[in-house]
Amino acid sequence: MAGISSARLSEERKNWRKDHPYGFYARPTTNTDGSLNLFVWSCGIPGKKDTIWENGVYPLTMEFTEDYPSKPPKCRFPKDFFHPNVYPSGTVCLSILNEESDWKPSITIKTVLLGIQDLLDNPNPKSPAQQLPIHLFLQDKDEYVKKVRQQAKSYPLAE
Amino acid sequence: MDKDSKLATLVEYGYDPVVAQVALEQTSYGDLNVAIDYIYKNFGEGSLDKKEVITEPTPLTSQPTQQLNTPTKPKRQISTSSSKRLKSSITVSAGSDDCYEDQEDSEEEYYQDVDDYEFDIALVDAFPKANTVIQSKDIINTALAEINNISSITETTPSAATLLLCYFQWNPNKLLERYYEDPERVVSAAGIKKIDQFFTKTSVPGQMCSVCADDLDSNNCSYLSCKHYSCDDCWNQYLLIKLLEGGATSIPCMGVKCPSVIPDEFIHKVAPNLYNKYLERLAQTYVDQNPNMRWCPAVGCGNALKADSQSESTAQCSCGFKICFRCKQESHFPADCEQMKNWKKKCEDDSETANWISSNTQDCPKCQSAIEKNGGCNHMTCIKCKHEFCWICLGNWIGHSNCNSYKKEENSNKSELKKNLERYLFYFHRYNTHEQSKKFETKLRQTAIETIVSFQNKTDKRWIDIKFVETSTEILIQCRRTLKYTYVYGYYMGEGTEKNLFEYLQNDLEKTTEQLSFLLSQANSDLKIFDLKEMTNLASVKLKHLLEGVEEGFIN
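Just so you know, the protein sequences line up as chains A and G, in that order.
Residue 181, in my numbering, is where the first sequence stops; the numbers in between run on with no holes.
Residue 732, in my numbering, is where the second sequence stops; the numbers in between run on with no holes.
Here are the simulated SDA-like cross-link-like pairs (lysine to any residue), alpha carbons at most 20 Å apart as the crow flies:
1) A:Lys132 with G:His404
2) G:Lys433 with A:Ser117
3) A:Lys40 with G:Met384
4) G:Lys433 with A:Asn144
5) A:Lys93 with G:Ala389
6) A:Lys96 with A:Ser32
7) A:Lys93 with G:Asp390
8) A:Lys40 with G:Gln383
9) A:Lys126 with G:Pro428
10) G:Lys433 with A:Asp140
11) A:Lys132 with G:Cys434
12) A:Lys126 with G:Lys403
13) A:Lys132 with G:Ala389
14) G:Lys675 with G:Val194
15) G:Lys403 with A:Asp124
16) G:Lys217 with G:Gly729
17) A:Lys96 with G:Val432
18) A:Lys126 with G:Ser426
19) A:Lys93 with G:Val432
20) G:Lys433 with A:Asp124
21) A:Lys36 with G:Met384
22) A:Lys132 with G:Lys433
23) G:Lys675 with G:Glu201
24) G:Lys433 with A:Glu122
25) A:Lys93 with G:His404
26) A:Lys36 with G:Cys388
27) A:Lys132 with G:Asp390
28) G:Lys522 with G:Gln505
29) A:Lys36 with G:Gly382
30) G:Lys687 with G:Lys709
31) G:Lys182 with G:Glu201
32) A:Lys93 with G:Pro428
33) A:Lys126 with G:Leu416
34) A:Lys101 with A:Ser149
35) G:Lys482 with G:Glu506
36) A:Lys132 with G:Gln383
37) G:Lys517 with G:Ser507
Computed list of chain A residues with no C-beta within reach of chain G, every gap over 10 Å:
38) Asp55
39) Glu76
40) Glu85
Keep in mind that the hints were calculated from the coordinates and are not lab data.
These numbers come from a predicted model, not from an experiment.
We put the beta carbon where it would ideally sit given N, CA and C, even for glycine.
Go ahead and model the full structure; you've got the sequences and the hints to work with.
Written out as structure tokens, the structure reads:
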């Protein structure tokens, strides 16, 4: 069923431009020849206010396949992003992004980004993806907070 | 009389060396008569003709060629009281001449003999136990019948009944019990809240497909009562993926976090092409989820087996495959599931390594660590203990001169590890050999019928006699399977008297099995029905003894 993925992604793009949550950004990347690549989006997720993640906008890449929306996009933070549910490669471990568990074709980019924002301050210790963050999160909260705040500084709000 | 001569005397009397040894040990090498009494008490009740010389069965290879060329087929006399004899003495006395007499005496008498021949044990063990075999094509109908049954009792739609059954793992009794306690709770727990309602080809103004963002019209819009609108194309693709993933029955609606489950009528209407796939998956779930049912694991057999009770541990498929209900593998008695698990793991872990180590390494003569030679020079220096030695003769390099003269290999310098590996390889090799033989002999099962038919046409032998080939094949396969797993059992068995006896019976069964196997492989060209009956009986007696021994203990 070729075409669904592109059509759906255009629709996502249209909807996002019409309305999106405050502080977020999401846009398709540009190919080297200047054309739009609908299958790779570059996004930014702001840390929620009054959490240790605030004052940072965390860059995230979303990669879609031809099977989208039957299959979920792959969401990646920069390599070695400090979070208990992010693999060392940067890939986010979240149930709604897992084809075998909670992914539904009707989940939109907005839903995904809001879901990941929520995950930032509510890590799920039951499915750890990276050793140091989960260790500090469970054993040494002070050091964990320090690391997160430090990371927030390296991804400052634009302007 | 010293110990050895006592043993020798008993062996001379015709007792098996192992049995004699055990008896002597148990009676602290006292009076010989006490030992003999012990044998009688523990290994057999009847009287043994002490003068009877028990010879080993004749080697398989020599026997047939001689007989093929003999115009009058020699008939072997067998003692019908074989089971009453000492277990250990059940060997065929084929060697002595007076056992043969002319068959030409009278054909009638021959048949008479066969008819009078009594089986010492029932052969039922070779045939299916009390379990139901559901042929692959009937599985879905069985499942649908069960669904309809629940549907009519609970007065729900078939799709709701399917969900209820899935939720209760196809246990109708539990389902009904809970359902009558609290129907509403059961219904919502199974995910069938209102889902009996769905809409196809119904347009909803102002809505678009939640998946592909296409406009919806009355030609392509379908949704469940949870109102997650989508076009039929997207439903189709979604359902296809879900069905390919294998989740047949509780496919949720496409809506974000929507718990509604898609009913089968919806699939039937929206994706008619996928309905067969759905039924296939339903049958799969039906068997998978049912604690009393198992798939037949034989290659290419899609039948399902249903045990009449959960206590049943083995079941046999109509294709002949026998499975262990607990671990879903081939029936592996006398080894238990736990042993099989360890054994399989060991095979996976060790076989490769073991083969490699035994073919590529030698042990350092000083510290016994395994060493691989990675260069051409035979002057070795052990990396661990710095011992210098010659790779060829394993002698000390210092003062090493000629190692080209042959010396008998002494095993004493082999490490514990290597000995263990050798022990494992010993068992593994035999386990594997029986497995291979069984594979070949399973093919006999298919040819057995052909043999029967061809023989009935060719000879005047009676149907009932020739039909016996089938029974023999079953017994043979059963012996092979058991033998295969006795090596797993033996591997995990502690050393001692028990093991000696076990190995004795194992060896005994092995010999008979080989003979039976030989007779059957010849059946196509030269069917010796009487020999076959005798050997089959012998094999099943020996099999029974072995299995009884395992179950009840070999001593007493």
